[in-house]
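Chemist: Listed here are the chains, written in short residue letters.
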Amino acid sequence: MSTSEEGQTGQVISCHTVEVWKDNFEKGTDSKQLIVVDFTASWCGPCRFIAPVLAELAKKLPHVMFLKVDVDDLEKVAEEFEVKAMPTFLFFKDGKQIDKVVGAKKEELQQKVMAHSSAAAVAAA
Amino acid sequence: MAVSGFEGFEKRLELQFSGDDPVVNEIGLRQLHFESIEQVLTQVQCTVVSAVGNRYFDSYVLSESSLFVYPTKIIIKTCGTTQLLKSVCPLILFAREIGLRVSACRYTRGNFIFPNSQPFPHTSFKEEVIYLEEQLPPNLCFRKASVMPSKLSSHSWHVFTATDGSHMLMQQLRDESDEFYTIEVCMTELDRVLARKFFRRPNDGKTGDSAGKEMTEITGICDINPNALICDFAFDPCGYSMNGIDGNRYSTIHVTPEDGYSYASFECIFSVYDDTNDVVMEALKKVVQVFRPGVVSISTTGTSTDEMWTRMSTAFEPLGMKCRSCSIDEFPAAGTVVFGTFTTRRK
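Chains R and A, in that order, are what the protein sequence lines are. Taking the numbering used here, the leading residue of the first sequence gets 1, the next gets one more, and so forth. Taking the numbering used here, the leading residue of the second sequence gets 126, the next gets one more, and so forth.
Just chain R, with the same shape it has in the complex:
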C-alpha cells in the first residue's frame, strides 16, 4: 500500500526491510535528528486511527525523522524494543531511546513530539 520514501522529508518513512530500517535509523542518528518510530500492524484498528495524526506531524516538522515499522514485517526489531501493543511510538536522540507513547493517544503524542523536537532543534543550533 504505502511505499518507502527514503530520504524524503515531511513524510513518514515506511521501513519494510531491516536494511531500510537500519539505514534510516543511522542516518537520523548521525544527523542528530529526533527520530520518532511508529510500531504498527496492518490488523490494528487504533493504528489506522492515529496514522493521519502522525502524517500531519511529519508534514509540520520536516526536521524530525518519522519512521514506521510494521511489527509483522520486522518482527525482530519489534522484539528488540519489546513492543507488545500497537501503536507504540518510540523517541530516539543520539541513538538512545528518550521517550515512549503506548497507544493512539493523540494529545500526548502531539505534545511529546513538539517538546522533544524543539529540544532537539535547540541542541542542534
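If you're looking for bench data, these hints aren't it; they were derived computationally from the structure. Any given hint might turn out to be false.
Partial list, computed: chain R residues near chain A (C-beta under 8 Å) [said to hold, decoys possible]:
#1 Cys44
#2 Lys84
#3 Ala85
#4 Met86
#5 Val102
#6 Gly103
#7 Ala104
#8 Glu108
Just so you know, even glycine gets a beta-carbon here, dropped at the ideal spot from N, CA and C.
The hints should help you fit chain A onto chain R, whose structure is shown.
Modeler: Relative to the frame of chain R, chain A by itself:
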C-alpha cells in the same frame, strides 16, 4: 439529589459474529475502516479519545465509555445520554461487507439515575427491547428480555439476549467461547474523599492522557491488574475512563465523581480456569477499595458461578459490605446471569 446530572450508568451491547472464511475470522472486525467505526460512533453520539491494540483485540476509550473490537466480537459500552442501540444496524451492515453475519446479541444495563433524560430508544427497557427486536435479523430467533430485581429500588439489571442457536451448540462442545465469563460492577454513592481524586485542577496544563495516567496511579487503579496495559483518560473538569488490556482479556473502569449522582463501573472477563478465590476476588476487593461505594451491584454472565457468589460474600465481608440480594436467570446465548447487590453495613 440534583434535578439532572450526568448519567453514569452505561448501556452495554455485545455482538457476536461468524463467517465461513477462516481467514476473515482471524482478523475479522479489526479490519473495519476507522471511518466505519467513526460512523457508528456518530450514530451513538460519542467519539474516540484514545486507543490501543494487541495481538488479540483493539480497545478504544470513548468520550462516553469504551469499545472493544475482537475479530468476531464487538463490545460497546456507553454512558450519559448516548443512543447506543443505534449502533446495531450499522455494525451489522459493516460486518456483512467483510463476510461476517451476526450470530448473537446481548444488551445489558443497570437502572438509570435520570431515566427521564434518556433519548429514544432508551426511554424505557420496553422501548429498547422493541427497537432491538426490529434491528436484529430473524435468524436470531432465540430471544429473551428480563429485568432482574434487587431489594434496592436504585439497582436492577436489564438483560436482553438473542442468538441464532449456533452459540448454544458451541457451548455444548465446550468451545473456547465458553471459557470466559463477564463481570459487570456498578457502584453508587462513592466515598466523597476518594471521588475527589477524579477531579482535575483548573488549568493543570496536562493532557487528558497524562492527567488520566496520574489518576490511575494515585487511586490505586493500577494495582487492580498489574499485568494489564492501561489506556486511561481524565476528562475536564472531572471524570475518568480506562481500558486495560492483558493478552486476550479486557477490563474497563468509568467514573462519574460528582456528588449527588456519583457512579463508577468496573467490567472485566475472567476464565473459568482462573483460581476464582485469588484472581477474581482480589481484583473485586481492590475495585471496591478504590471507590468505597455505599452500594455495589455485580452481575456475572456465563458459565454457572454459584460457588463464586458464596466466595464473593465472604470476600466483601471484611470490607464492610453485606450481600442484600441475589437473583439468577438463564438466557439464550449468554448462559447463566447472576445479579447481586451489596451495601455497606451502616445502611
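Chemist: Evaluate each hint against the coordinates.
Modeler: Hints, verified against the model:
{"no.": "1", "hint": "Cys44", "result": "4 Å, holds"}
{"no.": "2", "hint": "Lys84", "result": "6 Å, holds"}
{"no.": "3", "hint": "Ala85", "result": "5 Å, holds"}
{"no.": "4", "hint": "Met86", "result": "5 Å, holds"}
{"no.": "5", "hint": "Val102", "result": "7 Å, holds"}
{"no.": "6", "hint": "Gly103", "result": "4 Å, holds"}
{"no.": "7", "hint": "Ala104", "result": "4 Å, holds"}
{"no.": "8", "hint": "Glu108", "result": "4 Å, holds"}
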